[in-house]
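Colleague: Reconstruct the complex from the two isolated chains, following the hints.
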Amino acid sequence: MIRISIPQSADLGEVIEIKAMLQHPMESGYRRDEMGRTIPRDIVAHFSCRFESQVVFKTDWGPGVAANPLLTFFARVNRAGTFYFEWRDLQGETFKTERTIEINR
Amino acid sequence: MIRIRGIMWITLLVSAPLFSDEVTSFAYRDDLDPSLVRSGYEWLTKESKALQDDEFENPGWLWVEHGRQLFVSDSGESSCASCHQTSDLMFSSSATRFPRWSDSQQTLINLEGQINQCRELRMARGSLALESPEMLSLTAFISQLARGQPVNVPLTEEVKPFWQAGRDYFFRRKGQMNLACSQCHDERAGQRLRGDLISQGHPNGFPLYRYEWQSLGSLHRRLQDCDAGIRAEPQALGSEIYLSVELYLAWRARGLTLESPAIRR
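So the protein lines, in turn, are chains A and B. Here the first sequence stands for residues 1 to 105, where the numbers follow this note's numbering. Here the second sequence stands for residues 1 to 265, where the numbers follow this note's numbering.
Just chain B, with the same shape it has in the complex (with noise of 0.2 Å):
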């Protein structure tokens, strides 16, 4: 509750909006400047920045440590090392280049989405649960050894739709609070919302480990808690749009170093 009344603070300081047509439901639309770019690890407290920088004492390596054990060998069938090499430079850095466009499904993917489709075509083994301990364990594990690379999406023809839907998503005013995440993340990040401080809203420290969740969790986790605080309907985890919104978030925050398992409030 102590937050929700925070972002009704905030919704007396942005106008209401006077038309309810297609071009005023958009938030003031411009794209964050490249040089302003600030990964939410600066917006940490001291104590916070020691947790997250402390490869023990971070709790997000508990699911990376996992996450190795079932890259190796999960149960005696075919695993992700029989195809992949940790030491190998490209799969070591893939994590910073997701989502990306697959040729195989005909649609954006994300990391999620690429151990999936592994999993089905390759390993003949069913999908993993979005959230589930596995999953999370996994993602870890990959963005784990992409840590202190920078994002880099390629901006693909083919992907350029989804670019264009997420970066409409992070533009439009919704829910019942009519707040687009343009309004907290680009022109009002660094500025408080009650107790805490706003960051950019980078996706770059992703699985995460969360004091609110006291767990790891991913983007679309994190995306369904915005859209649920600003009374908007939070959408499915996994979902086209969601995709959408990560790779215009990876855009957003291209040159950033992945952090994962990063910790965040």
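Chain A extracted, bound-state conformation (with noise of 0.2 Å):
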């Protein structure tokens, strides 16, 4: 599951508020079991966020990330279109999701 918090439409020129989260375990490779094996390492290492072709918020996690990360960040709208959010695991899995966003006239 992702859960994407983004206003419909912004002003012109006005910087918004973006909240990301991604339902994951992130478990961190150091952890053992009750038999004593090792749970393998599975996080979510890279995000990014691109409005259009522009990468506006990219950030890199190693595995001291909790579960189910949260992300807020902020970005600025000059004009309408659609922001795309992106995850990739370790494993090179991608979860993917995108918001279009308007300008209010």
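By construction, these hints were calculated from the structure, which means they are not laboratory data. Don't take each hint at face value.
Said to hold, decoys possible - Just the calculated beta-carbon pair ranges, DEER-fashion: (1) B/Asp103 x A/Ser28: 43 to 53 Å; (2) A/Thr72 x B/Phe91: 31 to 41 Å; (3) B/Arg122 x A/Gly64: 19 to 29 Å; (4) B/Gln69 x A/Thr38: 32 to 42 Å; (5) A/Gly64 x B/Glu233: 29 to 39 Å; (6) B/Asp88 x A/Ser48: 36 to 46 Å; (7) A/Ile4 x B/Pro154: 33 to 43 Å; (8) B/Glu233 x A/Lys58: 46 to 56 Å; (9) A/Gly81 x B/Leu121: 44 to 54 Å.
Since the structure is predicted, the reported quantities are computational estimates derived from the model, not experimental observations. Think of the CB as a built atom: it goes at the ideal place given N, C-alpha and C, for glycine as much as any other residue.
Modeller: Structural data, given as structure tokens:
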């Protein structure tokens, strides 16, 4: 599951708050199960948010990030368009979604 | 280990049992005064309260959203929504009335049991495993519909023996530490267990998101943790004894409003 909080429209040049949450165990690879076996690392290591073709926010994560990571960041909106959100885990699997924003007239 | 050592501290405070017969194996039995009932929410830090109250940042809503999808459609086959309307008030408050007696199964069932009963008898689909992501998502979605409504389990004649068994379990000393649930959650609620505050142990937030789990979990999973914490043998998820404890706890928390998906430590 992915949850995104973003306004549907903004004034021209307005700075908007964007929140993005991904449901993910973020297993650090340091824990062991009841039998003493290492639980394999399973983390999302990269996140990026693009507005059309331009990257507006990008971050790399390590094993210290808690499960179900939540990000809050800001972006200035100079035209109508689409935000693309993408998470990528260590195995290369990606989780994607997008949100379109309009300019208030 | 830190938690376990913390609990050992508590054992020094409670008197060791002098006799091993049936009578002294119970802690002081006195049901919590309804006027003193307080939700676990009140023992949270203000940051955790804010997280629970924020319908976006509360990670429990990930499960609620997933549950909403499963409820409406589950890969094209019959779904919960084939029979139930979430706008139906009787249905949307149903989470407040579990666990309850099931006529078709002739036993006590909780919300998980009801979902599996529906799946088997009405939808001709297999039951969901307890604590599976799908089951947690569905219970989270259905419980969330009743958010803000008071816990109200009817204590009918059929469920009385279960209520009694659950109450006995709550007050019975057990495990290597010889502790009863009541000794922490009735007698010492509000006091410290090392770095943590002891709550009254109410079920009104389940399924809930626990920091320790980094995930959503059911009341029965929490009961297993409690039993392991006092070094008693954890019972099976969905077992009759945990269902009975769930009933006693729901009765004990009557009037508290549902908070699922709640946030707890």
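Colleague: It remains to establish, for every hint, whether it holds in the given structure.
Modeller: Do the hints match the structure? See the list:
no.	hint	result
1	B/Asp103 x A/Ser28: 43 to 53 Å	47 Å, holds
2	A/Thr72 x B/Phe91: 31 to 41 Å	35 Å, holds
3	B/Arg122 x A/Gly64: 19 to 29 Å	46 Å, violated
4	B/Gln69 x A/Thr38: 32 to 42 Å	33 Å, holds
5	A/Gly64 x B/Glu233: 29 to 39 Å	35 Å, holds
6	B/Asp88 x A/Ser48: 36 to 46 Å	43 Å, holds
7	A/Ile4 x B/Pro154: 33 to 43 Å	41 Å, holds
8	B/Glu233 x A/Lys58: 46 to 56 Å	50 Å, holds
9	A/Gly81 x B/Leu121: 44 to 54 Å	50 Å, holds
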